[in-house]
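**Q** Residues per chain, in single letters:
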Amino acid sequence: MAVFTPDIRIQSADFDLAAEVQALTAGRTDIGAVVTFSGMCRGEAGRLSALELEHYPGMAEAEISRVARQAAERWPLQGLTAIHRYGRIEPGENIVLVIAASTHRHAAFEAASFLMDFLKSRAPFWKKEHQADGSSGDWIDAKEADEEALRRWNLEAQG
Amino acid sequence: MAVFTPDIRIQSADFDLAAEVQALTAGRTDIGAVVTFSGMCRGEAGRLSALELEHYPGMAEAEISRVARQAAERWPLQGLTAIHRYGRIEPGENIVLVIAASTHRHAAFEAASFLMDFLKSRAPFWKKEHQADGSSGDWIDAKEADEEALRRWNLEAQG
Amino acid sequence: MKLVYFAWVRERIGKAEEEVDLPIAVTTAGELLHWLKSRGEEYENALQYPDVIRVAINQQHVDHAEKLNGAREVALFPPMTGG
Amino acid sequence: MKLVYFAWVRERIGKAEEEVDLPIAVTTAGELLHWLKSRGEEYENALQYPDVIRVAINQQHVDHAEKLNGAREVALFPPMTGG
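Quick mapping for you: the protein sequence lines, in order, are chains A, B, C and D. With the numbering used here applied, the first sequence closes on residue 529, and no number is skipped along the way. With the numbering used here applied, the second sequence closes on residue 529, and no number is skipped along the way. With the numbering used here applied, the third sequence closes on residue 292, and no number is skipped along the way. With the numbering used here applied, the fourth sequence closes on residue 292, and no number is skipped along the way.
So here's chain A without its partners, still in its complex pose (with noise of 0.2 Å):
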């Protein structure tokens, strides 16, 4: 059903969320919806210095671009792109943006708000706190909301 390949990237650089969509919809006429997702790291007021987000290298790629690929065929998508970051980023930095381009509003909604369920619990990233005290912080706990945010959309089977 798709007839373009979902344009994932992990990369440390901070990403720039006006050419992303560009990239996707210039000089189309046949594109009517995007949505677009940017999840930053918060402050937790002034709590936090930094994340600190670890990866699989590898493993992080594959497993977003398998994932972009079953939404572009349950979706009628005309475009898809994820970009999630890595290493130390500070409050109001972005970590993660995603954007889905369809003919219809509801299938870009739903498929960018699926792509980032499944980042949220199943892509291979860790995030650390930093704490602006300087005390040593914890790894993040995954948490059961996301769980279940996951199986709302009846994802198939891993591998």
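Derived by calculation from the structure, the hints in this document are not laboratory data. Don't take every hint at face value.
Here are the simulated SDA-like pairs of lysine to any residue, each with C-alpha atoms no more than 20 Å apart in a straight line [said to hold, decoys possible]:
hint : chain 1 : residue 1 : chain 2 : residue 2
1    : A       : K498      : B       : K498
2    : D       : K224      : A       : E422
3    : B       : K513      : C       : R263
4    : A       : K498      : D       : K224
5    : B       : K498      : A       : T473
6    : B       : K498      : A       : D400
7    : B       : K498      : A       : T399
8    : A       : K498      : B       : H474
9    : C       : K224      : B       : D508
10   : B       : K498      : C       : K224
11   : C       : K224      : C       : H243
12   : B       : K513      : C       : D260
13   : B       : K513      : C       : K224
14   : B       : K498      : C       : W217
15   : B       : K513      : A       : H474
16   : B       : K498      : C       : V213
17   : D       : K211      : A       : G428
18   : B       : K498      : C       : A225
19   : D       : K224      : A       : P427
20   : A       : K513      : D       : V229
21   : A       : K498      : A       : E460
22   : B       : K513      : A       : H476
23   : B       : K498      : C       : R219
24   : B       : K498      : C       : N254
25   : D       : K224      : D       : E250
26   : C       : K211      : C       : I262
27   : B       : K513      : C       : P287
28   : B       : K498      : C       : V261
29   : B       : K513      : C       : W217
30   : C       : K211      : B       : T473
31   : A       : K513      : D       : P287
32   : A       : K513      : D       : P259
33   : A       : K498      : B       : D508
34   : A       : K498      : D       : E220
35   : A       : K513      : D       : V261
Just so it is clear, the structure is predicted and the values come from calculations on it, not from any experiment.
Starting from the known structure of chain A, arrange chains B, C and D on it as the hints suggest.
**A** The following block gives chains B, C and D in isolation, referenced to the frame of chain A:
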């Protein structure tokens, strides 16, 4: 619940997605999720030369503001922007922008999706087609699917 | 009372707005539609299927059963197609 | 076989990767976790609750029941917290 006023604009000029996201998020470290929806004019495979968007001045701003305030009470949002254009809009050009910012991704997704469903069938705008072959185009019919999409939110009674 | 029309309602009636003096018997939005239909071919043409016509009183969307109550501005238009 | 560790599994074991020779009796991901736990205090500490540990074989996420089948690379890590 909402500690901000939704930013609602009705204008003939285009908008700048990146600048609008910046306006909501710049200098803030408490926003974790920003969802944007951009709606564009489709060319319908060359059949259309443009859409003409008519609106009801005054009522358009008032209605969108009213429903945006409902969204800000229903979801834990930190910012909400809606910009709807009117006048002649050509294929590939922007028609509408909605941005929802929140601590939580599902709140941002749902608020943006809700506001778009409202705009589709309750905001006082009407679209007329201009045919590429110069023949007189028709007014676009409202879709039952859009009515259904709106019903799923159990919108409060009008007025 | 000021009446304003949009989209194909405006095109079929042939004007964007007008001032009218309502008969005393016309008290609801639905009765207004019924009365307007009798005012000539262009109104008959625009309001042929009153059920699909949406009404706003003083820029608030209302049911056809809503009382006009000396409204300042009443708008008639087709179902909206924004977004 | 190459083992790779991430996040607090890596920190507690004290290394990011290592080569190991598996006993013949260790054939599944779950058995690998059980065997590793016996290799010393740092492993015991990292793998105390094996149920929460996620396993990837050749960069594919698998159940603990999955056969290792002479895998090139096996990764152990906590539940993911991306996005």
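**Q** Hint by hint, note whether the structure agrees.
**A** Structure-based check of each hint:
1. A/K498 - B/K498: violated, 53 Å
2. D/K224 - A/E422: Answer holds: D/K224 to A/E422 is near 18 Å, not above 20 Å.
3. B/K513 - C/R263: holds, 15 Å
4. A/K498 - D/K224: holds, 17 Å
5. B/K498 - A/T473: Holds: B/K498 and A/T473 sit about 18 Å apart, inside 20 Å.
6. B/K498 - A/D400: With a Cα-Cα distance of about 18 Å, the restraint between B/K498 and A/D400 holds, given a limit of 20 Å.
7. B/K498 - A/T399: Satisfied, since the Cα-Cα distance of roughly 17 Å is no more than 20 Å.
8. A/K498 - B/H474: OK: A/K498 and B/H474 at ~19 Å, within 20 Å.
9. C/K224 - B/D508: holds, 18 Å
10. B/K498 - C/K224: Status holds; Cα separation ~17 Å.
11. C/K224 - C/H243: holds, 18 Å
12. B/K513 - C/D260: With Cα atoms ~16 Å apart, B/K513 and C/D260 stay inside 20 Å; holds.
13. B/K513 - C/K224: Distance of about 26 Å is beyond 20 Å: violated.
14. B/K498 - C/W217: This hinted pair holds, its Cα atoms lying about 9 Å apart.
15. B/K513 - A/H474: holds, 13 Å
16. B/K498 - C/V213: holds, 18 Å
17. D/K211 - A/G428: Holds, at roughly 15 Å.
18. B/K498 - C/A225: The given pair, whose Cα atoms are some 16 Å apart, holds under the 20 Å limit.
19. D/K224 - A/P427: holds, 16 Å
20. A/K513 - D/V229: With a Cα-Cα distance of about 33 Å, the restraint between A/K513 and D/V229 is violated, given a limit of 20 Å.
21. A/K498 - A/E460: holds, 12 Å
22. B/K513 - A/H476: Between B/K513 and A/H476 the Cα gap is close to 14 Å, so the pair holds against 20 Å.
23. B/K498 - C/R219: holds, 13 Å
24. B/K498 - C/N254: Holds. B/K498 to C/N254 sits at ~19 Å (cutoff 20 Å).
25. D/K224 - D/E250: holds, 14 Å
26. C/K211 - C/I262: holds, 17 Å
27. B/K513 - C/P287: This hinted pair holds, its Cα atoms lying about 12 Å apart.
28. B/K498 - C/V261: OK: B/K498 and C/V261 at ~18 Å, within 20 Å.
29. B/K513 - C/W217: This hinted pair holds, its Cα atoms lying about 16 Å apart.
30. C/K211 - B/T473: violated, 46 Å
31. A/K513 - D/P287: Between A/K513 and D/P287 the Cα gap is close to 12 Å, so the pair holds against 20 Å.
32. A/K513 - D/P259: Holds - the C-alpha atoms of D/P259 and A/K513 are around 18 Å apart, at most 20 Å.
33. A/K498 - B/D508: violated, 57 Å
34. A/K498 - D/E220: OK: A/K498 and D/E220 at ~12 Å, within 20 Å.
35. A/K513 - D/V261: With a Cα-Cα distance of about 13 Å, the restraint between A/K513 and D/V261 holds, given a limit of 20 Å.
Hint violations for this structure: numbers 1, 13, 20, 30 and 33, all remaining hints satisfied.
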